[in-house]
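Peer 1: This is what each chain is made of:
Protein chains: 4
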Amino acid sequence: MKKLNVGMIGGGFMGKAHALAYAGMPMFFWPAPAIPHRHTVVDVTDELAKNAAARLGFDNYSSDWRAVVENPEIDIIDIVTPNDSHAEIAIAAAKAGKHIISEKPLARNAAEAKLMLDAVRAAGVKHMVAFNYRRTPAVALAKKYIEEGRIGKILNFRGTYLQDWSADPNSPLSWRFQKKIAGSGALGDIGTHVVDFARYLVGEISDVMAVAQTWIPERPLQTGGADKLGTVKGDNEAPKGAVDVDDEFITLVKFANGAIGSIEATRNAWGRNNFLTFEIHGEKGSLYFNYERRDELKVSFADDPADSRGFRTVYTGPAHPYGEGLWPIPALGIGYGETKIIETYDFLKSIASDTSVSPDFADGYQIAVIADAILESAEKGVWVKAAAELAEVK
Amino acid sequence: MKKLNVGMIGGGFMGKAHALAYAGMPMFFWPAPAIPHRHTVVDVTDELAKNAAARLGFDNYSSDWRAVVENPEIDIIDIVTPNDSHAEIAIAAAKAGKHIISEKPLARNAAEAKLMLDAVRAAGVKHMVAFNYRRTPAVALAKKYIEEGRIGKILNFRGTYLQDWSADPNSPLSWRFQKKIAGSGALGDIGTHVVDFARYLVGEISDVMAVAQTWIPERPLQTGGADKLGTVKGDNEAPKGAVDVDDEFITLVKFANGAIGSIEATRNAWGRNNFLTFEIHGEKGSLYFNYERRDELKVSFADDPADSRGFRTVYTGPAHPYGEGLWPIPALGIGYGETKIIETYDFLKSIASDTSVSPDFADGYQIAVIADAILESAEKGVWVKAAAELAEVK
Amino acid sequence: MKKLNVGMIGGGFMGKAHALAYAGMPMFFWPAPAIPHRHTVVDVTDELAKNAAARLGFDNYSSDWRAVVENPEIDIIDIVTPNDSHAEIAIAAAKAGKHIISEKPLARNAAEAKLMLDAVRAAGVKHMVAFNYRRTPAVALAKKYIEEGRIGKILNFRGTYLQDWSADPNSPLSWRFQKKIAGSGALGDIGTHVVDFARYLVGEISDVMAVAQTWIPERPLQTGGADKLGTVKGDNEAPKGAVDVDDEFITLVKFANGAIGSIEATRNAWGRNNFLTFEIHGEKGSLYFNYERRDELKVSFADDPADSRGFRTVYTGPAHPYGEGLWPIPALGIGYGETKIIETYDFLKSIASDTSVSPDFADGYQIAVIADAILESAEKGVWVKAAAELAEVK
Amino acid sequence: MKKLNVGMIGGGFMGKAHALAYAGMPMFFWPAPAIPHRHTVVDVTDELAKNAAARLGFDNYSSDWRAVVENPEIDIIDIVTPNDSHAEIAIAAAKAGKHIISEKPLARNAAEAKLMLDAVRAAGVKHMVAFNYRRTPAVALAKKYIEEGRIGKILNFRGTYLQDWSADPNSPLSWRFQKKIAGSGALGDIGTHVVDFARYLVGEISDVMAVAQTWIPERPLQTGGADKLGTVKGDNEAPKGAVDVDDEFITLVKFANGAIGSIEATRNAWGRNNFLTFEIHGEKGSLYFNYERRDELKVSFADDPADSRGFRTVYTGPAHPYGEGLWPIPALGIGYGETKIIETYDFLKSIASDTSVSPDFADGYQIAVIADAILESAEKGVWVKAAAELAEVK
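So the protein lines, in turn, are chains X, S, R and A.
In terms of UniProt numbering, the first sequence has 231 at position 231, counting the first letter as 1, and numbering is strictly consecutive.
In terms of UniProt numbering, the second sequence has 205 at position 205, counting the first letter as 1, and numbering is strictly consecutive.
In terms of UniProt numbering, the third sequence has 294 at position 294, counting the first letter as 1, and numbering is strictly consecutive.
In terms of UniProt numbering, the fourth sequence has 9 at position 9, counting the first letter as 1, and numbering is strictly consecutive.
These aren't lab readings, by the way, just hints derived from the structure by calculation.
One or more of the hints may lead you astray.
Claimed, not checked - Just so you have them, the derived chain A footprint on chain R, three or more residues with Cβ under 8 Å:
1. 55-64
2. 144-158
3. 211-218
4. 260-267
5. 371-384
Quick reminder that beta carbons are idealized off the backbone N, C-alpha and C, glycines included.
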């Protein structure tokens with residue numbers, strides 16, 4: 001069985017998730033398409049990197065990502081850094097002939113994403129963007145129903161991603177609130193996951209019409225080196241810095257196939273934690289999913305008898321997508337880890353079998369085009385075409 | 001205790017609901033502000049009207065609504081007819097000095113609604129539009145929380161009204177699908193309830209930006225005199241007639257106070273029955289309501305301790321709005337009937353105490369302005385001001 | 001259409017519910033089997049009775065129930081008094097040849113219930129016990145599925161009735177906490193509703209094995225004449241009286257047909273309001289119902305395809321039991337009132353068509369036998385036969 | 001950082017879960033109390049063991065568990081085999097001075113469990129039983145609330161564990177249906193998890209009174225070597241073998257502290273997958289948990305204001321037990337893997353810090369005593385003392 005050496009750039013929360021996936025994937029999907037080997041982890045200082053290697057089970061560590069990208073032993077570069085470094089690392093990795101998986105959003109904007117797409121295409125390497133939520137088995141089951149025609153032609157999509165970790169004005173000014181690092185706010189951070197759902201399940205988005213707001217214009221500056229998610233209380237008395245990204249947006253969407261819908265994301269919704277949902281109405285049925293209860297997909301079929309029609313709550317397990325590799329009983333439990341394990345499985349399969357995987361950098365680029373269109377629409381108050389370059393992309 | 005004689009124009013499903021409310025209101029709210037007496041019911045033929053009187057407990061019946069409107073014994077005219085007759089009846093009733101309650105939407109469009117508003121104002125009678133859902137105790141509780149500042153300044157509102165009774169292309173061409181009778185489709189029929197929620201709970205809507213669709217362009221013509229709701233299967237082989245109203249719309253909304261949001265309504269959502277919901281995010285908390293589970297209001301407070309913060313599911317009962325008059329234990333059960341009983345109570349209180357009641361014809365007119373703006377926006381693809389005449393209205 | 005004159009003994013909360021049902025029933029079920037006419041209401045004083053008549057729409061009032069029972073104009077005696085007077089009134093009414101509907105539980109114990117059953121049988125009148133919850137359309141739908149064999153042979157039944165209105169030790173010593181009036185506590189008050197579900201849906205209960213507890217041994221005495229439900233805060237400083245009934249019981253049950261199960265009821269479950277639920281497992285499917293969300297029945301069918309099997313949430317409406325008479329769209333909303341309207345409909349139908357109705361006094365007696373057996377089992381710690389007299393009863 | 005070598009006996013589904021936990025634990029809890037090293041895995045044949053080692057990331061493999069138990073390099077023996085081998089392996093491992101974690105139930109019966117307890121006590125090694133579900137953060141949060149007195153003195157506990165993977169009569173005769181291997185059926189397999197919850201959250205169970213049933217008396221024999229969970233369809237035509245364990249049981253329970261309750265488990269509940277729930281009523285509040293929605297704990301506090309009292313849905317995250325080590329946002333997602341990672345963390349902490357951990361073999365033994373009492377009670381129809389040996393155990 002082929003072993004593929006991974007160089008992972010970043011050792012934070014997302015690095016933990018990816019490391020767990022590398023360790024666990026072959027345990028779930030066996031025979032594995034290839035064995036991912038945790039070769040080298042990179043963090044900003046040697047000390048942090050050394051700690052990350054011990055913690056995450058990598059053989060080596062480094063504070064020099066360029067050296068790791070150039071290391072001929074490395075097969076895969078895994079980018080789990082803040083958004084502003086994705087492009088530079090990915091382009092270098094592509095030039096070095098590495099397969100690349102990058103955290104989402106692919107880049108801070110479409111222009112940057114396009115450079116990345118051009119680079120991986122030129123290099124002929126495999127590429128993936130880590131919109132992991134679509135790999136929740138219940139979401140994959142929704143896709144299966146749709147492909148089998150079980151809810152008919154799709155009319156409507158409503159997607160939301162609501163959180164509350166930054167609803168407190170004293171939650172610190174993480175990089176996620178800074179445009180120069182993040183590109184955008186709730187839009188890039190979480191809204192793009194919903195855009196990914198919409199494109200995956202319904203089809204290409206052609207037009208958007210949005211509003212966006214920054215509810216909390218400044219937040220306490222962080223002290224200490226580490227970036228904090230807002231769940232850590234900020235210092236009330238600390239000096240503050242400006243937030244220059246959106247806290248919330250809502251957009252109407254038109255799909256190329258005629259469906260309509262809306263997408264909403266906010267990090268200021270008290271009581272919502274990871275409320276990533278979609279509801280889809282088709283001519284023959286409906287679907288509903290809420291990641292907070294991610295083992296479940298709700299589906300209603302029009303052709304059920306009138307006296308027993310209603311949403312079915314299906315718990316995913318062995319009879320559903322990826323079920324052969326996961327747990328033997330439904331609701332034994334899909335966690336964040338399992339979504340990343342499946343993602344890793346599909347990425348390694350694409351490398352081992354020399355096939356493409358979705359979502360790839362072309363998807364990531366198209367999502368960036370849509371995100372840029374959402375911001376433009378919110379600013380100008382007009383419908384904006386979101387798929388202008390689509391033909392060229394695919 | 002004063003007795004007020006009711007002349008009810010219409011003997012269909014909604015007439016049933018109102019008749020039950022007239023009979024039941026004093027049983028719940030005692031001492032009643034006044035006793036509504038079922039004096040005369042009107043239907044399109046004498047036979048139908050006679051039947052309605054027997055069934056609904058009216059002393060008299062008639063097929064001549066004008067005569068009833070002119071009858072000096074009558075104090076209140078209750079309009080429960082299709083939308084195209086609201087204006088004519090209401091204007092005549094106002095001229096005859098009757099207090100008026102009209103089913104929603106107030107009229108087919110804003111121009112018609114304005115004539116009705118002018119008429120009741122000129123006559124100095126009491127007037128109400130029957131947006132009964134806001135009288136669900138859980139919705140009134142949401143209003144109470146908001147007024148007490150318990151969720152802080154409102155940032156966002158999302159409202160939906162999803163049904164599936166006309167999702168089947170063979171459901172018959174009820175008047176609800178005909179613009180000349182209904183004015184609009186899902187918008188006027190159910191979407192206006194959500195607009196009423198939005199204005200009641202958040203404040204005035206200033207701008208809208210919408211999409212709208214007619215998914216099923218023609219439906220089987222009805223046979224027989226009676227109008228059928230779509231839950232009755234239409235005849236597959238019957239000749240068909242055109243649908244010229246919206247099956248679905250989604251609109252972005254901006255509120256005058258700076259909040260943003262979206263409103264969506266459709267009658268083509270398989271599995272949704274009376275899915276009238278709102279979610280509101282404020283600076284200090286959030287609210288969620290779903291009429292399908294109408295005894296419940298969900299509320300999350302920001303200032304709950306971090307280890308026990310989350311949406312509370314509050315079942316309304318004696319400790320909540322209207323609780324003194326309803327059932328003695330929460331979840332004993334609010335049905336459609338109770339919402340109409342509360343509505344009747346508030347309307348009669350306004351007459352007995354010579355005060356205004358909300359929503360009145362000014363609200364009904366403003367909602368019609370918003371509905372017209374939604375259709376205009378959907379057609380033109382631009383933001384449309386929805387509150388142009390507001391200052392004049394209030 | 002025949003008119004039946006009702007003499008209602010009692011003018012409290014339950015009298016309100018019944019009065020609404022008499023007024024509303026013909027509005028929903030038309031042609032009505034007969035028209036119930038609110039002839040005379042009885043309360044403990046003339047003043048209370050006069051008030052009740054005005055409030056509840058009765059033509060006459062009285063403080064002398066015996067006179068009303070004897071009144072030849074009266075066709076139906078409706079007993080909505082505390083439990084200790086059910087037997088005396090019912091036996092007198094039977095002797096006077098009146099049809100009788102009695103609130104639940106039928107009596108304080110089986111011996112008393114047996115006298116009532118003997119009396120109505122001797123008189124040949126119609127009789128019903130007001131276990132109204134089984135008339136919730138979703139519960140009637142469960143019965144329909146079971147009768148159609150759609151969940152197969154039943155294996156297991158779990159029923160609960162959980163409330164919290166008396167969980168506060170300062171809630172007053174209502175008659176519901178006094179054995180001489182109530183007979184038993186949570187058992188008779190709410191537990192018997194679950195026993196009614198169990199017998200209705202599964203079959204006869206043959207054996208019980210129970211535990212019971214009185215968690216709060218004394219409560220503040222009530223001041224003033226009116227009995228208060230515990231949701232009214234008692235007076236902390238008031239003198240206290242002893243509670244001599246159960247606050248809670250749990251019983252294992254065996255059914256004559258081999259199924260097993262458990263029943264639990266308490267009024268000390270903080271956060272539960274009217275949590276009347278059942279879950280039933282059959283060889284071919286399962287059912288779940290929670291009255292707090294009473295428009296819904298959940299059903300899972302074994303023969304659904306493995307990839308889309310799961311509980312369906314069915315909202316009752318026109319396609320379900322009683323749907324022809326209720327509201328035209330599912331989830332428009334069943335409240336407590338509607339359950340009583342259906343009950344009245346079925347009772348009047350039994351009179352008009354000279355057929356029996358269920359649950360009748362034989363059911364009420366058998367439920368009392370089971371309740372007595374539960375208390376005996378809880379006291380002695382042994383299994384107790386609950387259906388000894390069943391053959392004689394039916 | 002100390003490394004502890006693990007010898008894992010068993011390479012099936014549960015071995016996968018444990019292997020993931022060994023790999024992942026230090027990624028989550030850092031600094032880790034010790035690093036668990038996957039030294040050797042044992043399976044029934046060399047080929048299976050070799051495959052398991054490759055798949056699960058062990059350095060070595062063996063088909064001779066005795067040799068592994070004796071291997072001086074091994075620090076921890078992890079028993080993930082069917083129930084009938086737990087005792088023999090554990091006793092041998094104890095004699096060899098190894099720390100031991102055993103899958104649940106600890107043994108087939110109390111007598112066997114007692115031998116295991118005696119062995120680990122004599123050897124002075126650390127021991128744990130893998131009742132992992134109590135390590136779900138939401139369950140640990142329930143424990144925290146209880147310990148802080150936030151729901152007051154506990155009155156009632158109701159626990160269920162409902163599954164449907166063997167509801168189909170053609171699901172194969174896994175070892176889980178054979179008394180000689182499993183000891184008991186639903187009771188040992190899943191019911192003991194509920195018993196663990198009850199003891200963990202409420203206190204010691206003193207008496208039980210149960211019913212038990214075998215609904216499907218025979219099932220198709222398995223073909224091929226591997227044991228199959230019932231979700232794999234059995235062969236209709238295959239020869240059948242007898243089931244000699246319970247498919248379902250329900251038991252009343254009395255706790256030593258005066259609380260009462262019930263516990264129910266079945267694998268024949270169509271539509272229930274991993275419906276492991278508890279509801280607890282205390283004098284000051286209530287708790288509800290359902291593992292199918294395991295990120296949530298519902299809690300109702302009596303002292304909330306009357307107008308906003310109701311169950312709160314708390315999503316566990318950084319502000320809750322184990323939150324410092326898990327994911328940074330609530331509802332990012334706890335899966336089965338995370339529960340095992342936490343279990344491993346606590347077990348290694350007990351070794352590293354030379355402290356005891358719960359549940360240990362004493363707990364496992366006491367649970368076996370209770371399980372035996374449940375079977376005895378079901379057979380004899382009488383209350384059975386379940387804690388006779390408790391004083392000796394603790």
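Peer 1: Are 3 or more residues of the stretch 211-218 of chain R near chain A, judged by a Cβ distance of less than 8 Å?
Peer 2: holds (count 3)
Peer 1: Report holds or violated for chain A covering the stretch 55-64 of chain R, Cβ cut-off 8 Å, minimum 3 residues.
Peer 2: With 0 residues in contact (Cβ-Cβ under 8 Å with chain A), the coverage given for the stretch 55-64 of chain R is violated.
Peer 1: Quick one: see if chain A covers the stretch 371-384 of chain R, three-plus residues with Cβ-Cβ under 8 Å.
Peer 2: holds (count 3)
Peer 1: Counting residues of the stretch 144-158 of chain R with a beta carbon closer than 8 Å to any beta carbon of chain A, are there 3 or more?
Peer 2: holds (count 4)
Peer 1: Please verify the coverage claim for the stretch 260-267 of chain R: does it have three or more residues whose C-beta sits within 8 Å of some C-beta in chain A?
Peer 2: Since 5 is at least three, the answer is holds.
Checked against the numbered hints above, the structure violates only hint 1.
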